[in-house]
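Assemble the whole structure, with the sequences as input and the hints as a guide.
Sequences listed follow chains A and B, in order. FYI, the numbering for the first sequence is 1 to 113, going by this note's numbering. FYI, the numbering for the second sequence is 1001 to 1114, going by this note's numbering.
Since the hints were made in silico from the structure, they are not lab data. Where a beta carbon is used, it is the ideal one built from N, C-alpha and C, also for glycine.
Partial selection, computed: residues in chain B whose CB lies under 7 Å from chain A:
{"hint": "1", "residue": "N1032"}
{"hint": "2", "residue": "L1044"}
{"hint": "3", "residue": "L1046"}
{"hint": "4", "residue": "L1090"}
{"hint": "5", "residue": "S1094"}
{"hint": "6", "residue": "T1101"}
{"hint": "7", "residue": "E1102"}
{"hint": "8", "residue": "F1104"}
{"hint": "9", "residue": "F1105"}
{"hint": "10", "residue": "Q1107"}
{"hint": "11", "residue": "G1108"}
Over 10 Å on every C-beta distance to chain B, these chain A residues come out as not near it, computed from the model:
{"hint": "12", "residue": "P8"}
{"hint": "13", "residue": "N22"}
{"hint": "14", "residue": "S24"}
{"hint": "15", "residue": "S52"}
{"hint": "16", "residue": "E55"}
{"hint": "17", "residue": "T76"}
Pair by pair, the computed Cβ-Cβ distance ranges are:
{"hint": "18", "chain 1": "A", "residue 1": "F72", "chain 2": "B", "residue 2": "K1080", "range": "44 to 50 Å"}
{"hint": "19", "chain 1": "B", "residue 1": "E1059", "chain 2": "A", "residue 2": "G29", "range": "18 to 24 Å"}
{"hint": "20", "chain 1": "B", "residue 1": "D1071", "chain 2": "A", "residue 2": "K63", "range": "36 to 42 Å"}
{"hint": "21", "chain 1": "B", "residue 1": "V1015", "chain 2": "A", "residue 2": "F46", "range": "34 to 40 Å"}
{"hint": "22", "chain 1": "B", "residue 1": "S1017", "chain 2": "A", "residue 2": "S20", "range": "43 to 49 Å"}
{"hint": "23", "chain 1": "A", "residue 1": "K63", "chain 2": "B", "residue 2": "E1059", "range": "28 to 34 Å"}
{"hint": "24", "chain 1": "A", "residue 1": "S24", "chain 2": "B", "residue 2": "S1065", "range": "30 to 36 Å"}
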Amino acid sequence: EDQVTQSPEALRLQEGESSSLNCSYTVSGLRGLFWYRQDPGKGPEFLFTLYSAGEEKEKERLKATLTKKESFLHITAPKPEDSATYLCAVQSYMDTGRRALTFGSGTRLQVQP
Amino acid sequence: SQTIHQWPATLVQPVGSPLSLECTVEGTSNPNLYWYRQAAGRGLQLLFYSVGIGQISSEVPQNLSASRPQDRQFILSSKKLLLSDSGFYLCAWSGGGMGSTEAFFGQGTRLTVV
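Okay, structure coming up:
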């Protein structure tokens, strides 16, 4: 069974204070690892897809990296508008039909001015 | 570009009443469609998925059902709501076949059963 564990559950940063969010996963053949941002009361917004160990993707102040067991979402010099819950999800090669995602519980990030 | 619409945004329903949540996708054809539920502070739980018109698979035995009457329309229903059906419901689509694997979500429906 695919599993995703995110840590920490919550993170409070000062504006400009860089940090990283962790996503540990267990999957039967990784097809893709996905990062989403979710604002309160809204649907998740797609950020990145990572396919293989060593891959990195960047978008503004966010950079996602992937190893064979975990992924990190690095936030550089965050701003208050980066405050949100960040969700990690995986998809398995064994799941060729439905292509559903297995999600972690998320990290709730708060960036204070 | 592709867009996904989900409505209503919020819903308060009495126990025992019926439910119908609708989701439509624009700008793509033959998508995979999904209904997820998100409990407070928890990850998303897959409820139903569909790879084509009339093809519905249920992931979790429950009081809910889903239908796909058209290629880009996905409906979540219940004949009689339970208190435990309260939650945040999300519709999503992804590319079918050999297409892209990431999922794109609607804005969600907050359902409160009273």
